[in-house]
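Visitor: Residue numbers (the numbering used here), protein chains in the order written: chain P, 1 to 274; chain A, 1 to 312.
In case anyone wonders, no lab produced these hints; they're calculated from the structure.
Among the hints, erroneous ones may be present.
Stated by the list, open to error - Reference excerpt, derived from the structure (chain A facing chain P, CB under 10 angstroms, subset only):
id, residue
1, VAL25
2, LEU31
3, LEU59
4, GLU82
5, GLU86
6, GLN87
7, MET148
8, ALA151
9, ALA152
10, PRO227
11, GLY230
12, LEU232
Stated by the list, open to error - Distance windows between CB atoms, simulated:
id, chain 1, residue 1, chain 2, residue 2, range
13, P, GLU90, A, SER34, 22 to 32 angstroms
14, A, PHE280, P, GLU86, 35 to 45 angstroms
15, A, ASN96, P, GLU90, 18 to 28 angstroms
16, P, GLY82, A, ILE252, 24 to 34 angstroms
17, P, MET191, A, GLU46, 30 to 40 angstroms
18, P, GLY229, A, PRO22, 22 to 32 angstroms
19, P, ASN258, A, PRO22, 40 to 50 angstroms
20, A, PRO22, P, ASN212, 37 to 47 angstroms
21, A, GLU46, P, LYS8, 56 to 66 angstroms
As the list claims (entries may be wrong) - Only part of the chain P face toward chain A is listed, based on derived beta-carbon distances under 10 angstroms:
id, residue
22, PRO52
23, PRO55
24, ASP58
25, MET126
26, GLU157
27, ALA161
28, SER244
Note that this is a predicted model, so its numbers are computed, not measured.
Virtual Cβ for every residue (Gly too), placed ideally from N, Cα, C.
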Amino acid sequence: MADTDELKELARKCRVHIVNMVYRAQAGHPGGSLSEIDLLVGLYKTTLRVRPDDPDWDDRDRFILSKGHASPGMYAILAEMGFISEKDLESYRVLGGVCQGHVDMKWCPGVDFSAGSLGMGLSFGMGSAIAGRLAGSERQIYVMLGDGEIQEGSVWEAAMAATHHELGNLNVILDRNRIQNDDFCETQMRMFDIPAKWKAFGWNVKEIDGHNMDEVVEGMNFLSSTNDGPSILIAHTVKGHGVSFMADNPAFHGAAPNDEQYAQAMAELGEVKA
Amino acid sequence: MSKMGATRDGYGEALLELASNPKVVVLEADLGKSTKSLHFRKAHPERTVSCGIGEQNMLLVGAGLAASGYIPFASTFAIFTERAFEQMRNGVARPNLAVHVCGSHGGTHTGTDGSSAQSIEDLAIYRTLPNVIVMHPSDVVSTKQLTMQLAATGSPSYTRTARNKTPVLYEGREDEIKIGKGIVLKEGSDVAIIACGVMVSQSLMAAEALAADGINATVVDMHTLKPLDGELVDRLVSSCGAIVTAEDHNVIGGLGGAVAEHLTANTFAPLERVGVQDRFGESGQADEMLEVMQISAPYIAAAAKKAMARKG
């Protein structure tokens, strides 16, 4: 078990990567990357069984970033884990780069599914979970969904099928950051009692504060150790968390900071340039 | 009366044969009795996944299985595969995951269910996807052979089968059937009829009628629309100089479209396309639908004469 102070420091470094990537590309999705990053750090450092030097290891746990636009967050943790180099992060949204705009399994080591179109990752994860069971493997499958994303109807096809097939090795992390592309979720499509919906579909449900590293670690432990059916960790987060002017601001779902904003973000993240 | 069989039964038989490969998995969306995956389910329930009435989920469950080393075969009606087109595009074709989709009950030949069930655009839409093999076999024997060959391709695929029986053409000729290679069923030098699916037997009947008028037609079973056997098309252009395509599908984007694209980019010959004239169907018996849609043997013969009249 990693020390949570170390995890927090790693998450801070990842946030710096995220802002750097989006600033350099002058495009991309900082808000959802900043909301998910504490969860990714917790997952990769305490739970996920992967081998950065052998990314295609058959029996690895799978991680599927279904909200594939929040790729800077994933690239940041992949670089910190050693799947890709820090230099690779400069290829974000650049022609020929391993860091494609949305995560792509054909381009980037450590990416298990080519996402980018919402609502697809849970179904892919279900197939991965059935494959693990057929192979007699203990491997776990983790799928990160956005809260706006669960407005896609096919998510619920998969949610229903996962309990029908009693897929205890299938786990969802829901990044409940309350903001989607155009505005707050409450404005775009009210979702009412999200935990109750998943419970009604037969899932094991736990809620945490997705920026409290102790709770994040406990949440990952819940997912990996709860195997009597599929499980979901609903992580309450703040979109843009860690950068004051991005936090809880729908404008930074998919927008890059300007020079001034970039300098402020770096200062807030403790990375003041000499 | 020649022996008859339904191509969907060829699919079901192929799955049973493929079952000896432990990596083969079958996915269903509540239509296993119709697509004929039910035989596999009975023999191998542990490798059959019910996805309920949820086609979008089914295709991506297939993608997840394929990415983990399994060989998934997913089937439903041709028309219902289409609601998962974007899953096929983004989750299967784009990452090039070998999910094998079978759409049964394709075309107006499906009959009395009416236009909601008569897919006339499936071959066109899947043909636009990079990496995807697209097939529409003509008889039960070739369907079985082609489906079995899919397992070794490593490419995603879409295969249309039909509900109703058609003449058996390839009994004892299994070795001639290869993905991507059209089959010359009859050689003639006046006009070449290139057909797929249920229209292959109609084309053979058209060739007989043409022979009575002193016209010698070549008839080709182009069971694979993508990759198209362009070498064969080129050969037909030089040997016959006039081409007819015949399909139970919209004339836009299917076999006629594929052959037209090939001719435009290569060597030229007059082309007449027999197919559904950009309209929806209605309820009717299979043979009635071929008449209503004006795609039965007499229409193919008429198109052949028209193509010949356009020779330079």
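Visitor: Evaluate each hint against the coordinates.
Guide: Checked hints:
At a threshold of 10 angstroms, the smallest CB-CB gap from VAL25/A to chain P is about 7 angstroms, leaving the interface hint in force. Among the interface hints, the one on LEU31/A is violated; its C-beta lies about 15 angstroms from the nearest C-beta in chain P, farther than the 10 angstroms criterion. Checking LEU59/A against chain P: minimum C-beta separation of about 8 angstroms stays under 10 angstroms; hint holds. Contact between GLU82/A and chain P, as hinted, is not supported at the beta carbon level, the nearest pair being about 14 angstroms apart and thus beyond 10 angstroms.
The restraint placing GLU86/A at the interface with chain P holds, with a minimum CB-CB distance near 6 angstroms, inside the 10 angstroms limit. A hinted interface residue such as GLN87/A counts as satisfied when its beta carbon comes closer than 10 angstroms to some beta carbon of chain P; here the least separation is about 6 angstroms, so the hint holds. At its closest, the beta carbon of MET148/A sits 21 angstroms from a beta carbon of chain P; the interface hint therefore is violated under the 10 angstroms criterion. Because the closest C-beta pair between ALA151/A and chain P is about 16 angstroms apart, greater than 10 angstroms, the hint is violated.
Among the interface hints, the one on ALA152/A is violated; its C-beta lies about 19 angstroms from the nearest C-beta in chain P, farther than the 10 angstroms criterion. Annotation: PRO227/A was flagged as interfacial toward chain P, and the flag is violated, the nearest CB pair being 21 angstroms apart, outside 10 angstroms. Because the closest C-beta pair between GLY230/A and chain P is about 27 angstroms apart, greater than 10 angstroms, the hint is violated. Interface restraint check: LEU232/A against chain P, minimum CB-CB distance 32 angstroms, threshold 10 angstroms, status violated.
Range check, GLU90/P to SER34/A: about 53 angstroms between beta-carbon atoms, so the 22 to 32 angstroms window is missed. In this structure the hint that PHE280/A and GLU86/P lie 35 to 45 angstroms apart at CB is violated, the actual value being about 56 angstroms. Taking the beta carbon of each, ASN96/A and GLU90/P are about 27 angstroms apart, inside 18 to 28 angstroms as hinted. Hint check: GLY82/P to ILE252/A, Cβ distance near 51 angstroms, so the stated range 24 to 34 angstroms is violated.
Here the CB-CB span from MET191/P to GLU46/A is close to 36 angstroms, well matched to the stated 30 to 40 angstroms. Against the hinted window of 22 to 32 angstroms, the Cβ-Cβ separation of GLY229/P and PRO22/A comes to about 26 angstroms, which satisfies the hint. Separation of ASN258/P from PRO22/A is about 57 angstroms and departs from the stated range, judged on CB atoms against 40 to 50 angstroms. Distance hint check: the CB atoms of PRO22/A and ASN212/P are about 45 angstroms apart, consistent with the given range 37 to 47 angstroms.
Range check, GLU46/A to LYS8/P: Cβ separation about 45 angstroms, and the 56 to 66 angstroms hint is violated. Of the supplied interface hints, the one on PRO52/P is violated, with its beta-carbon coming no nearer than about 19 angstroms to a beta-carbon of chain A, more than 10 angstroms. Interface restraint check: PRO55/P against chain A, minimum CB-CB distance 13 angstroms, threshold 10 angstroms, status violated. A least Cβ separation of about 7 angstroms between ASP58/P and chain A falls short of the 10 angstroms threshold, and the interface hint therefore holds.
Below 10 angstroms, beta-carbon pairs count as interface contacts, and MET126/P has one with chain A at about 5 angstroms; its hint therefore holds. Here the hint on GLU157/P is kept, as its CB sits about 4 angstroms from the closest CB of chain A, short of 10 angstroms. Given hint, ALA161/P at the interface with chain A, holds; its Cβ is 6 angstroms from that chain's nearest Cβ, closer than 10 angstroms. The restraint placing SER244/P at the interface with chain A is violated, with a minimum CB-CB distance near 35 angstroms, outside the 10 angstroms limit.
Hint violations for this structure: numbers 2, 4, 7, 8, 9, 10, 11, 12, 13, 14, 16, 19, 21, 22, 23, 28, all remaining hints satisfied.
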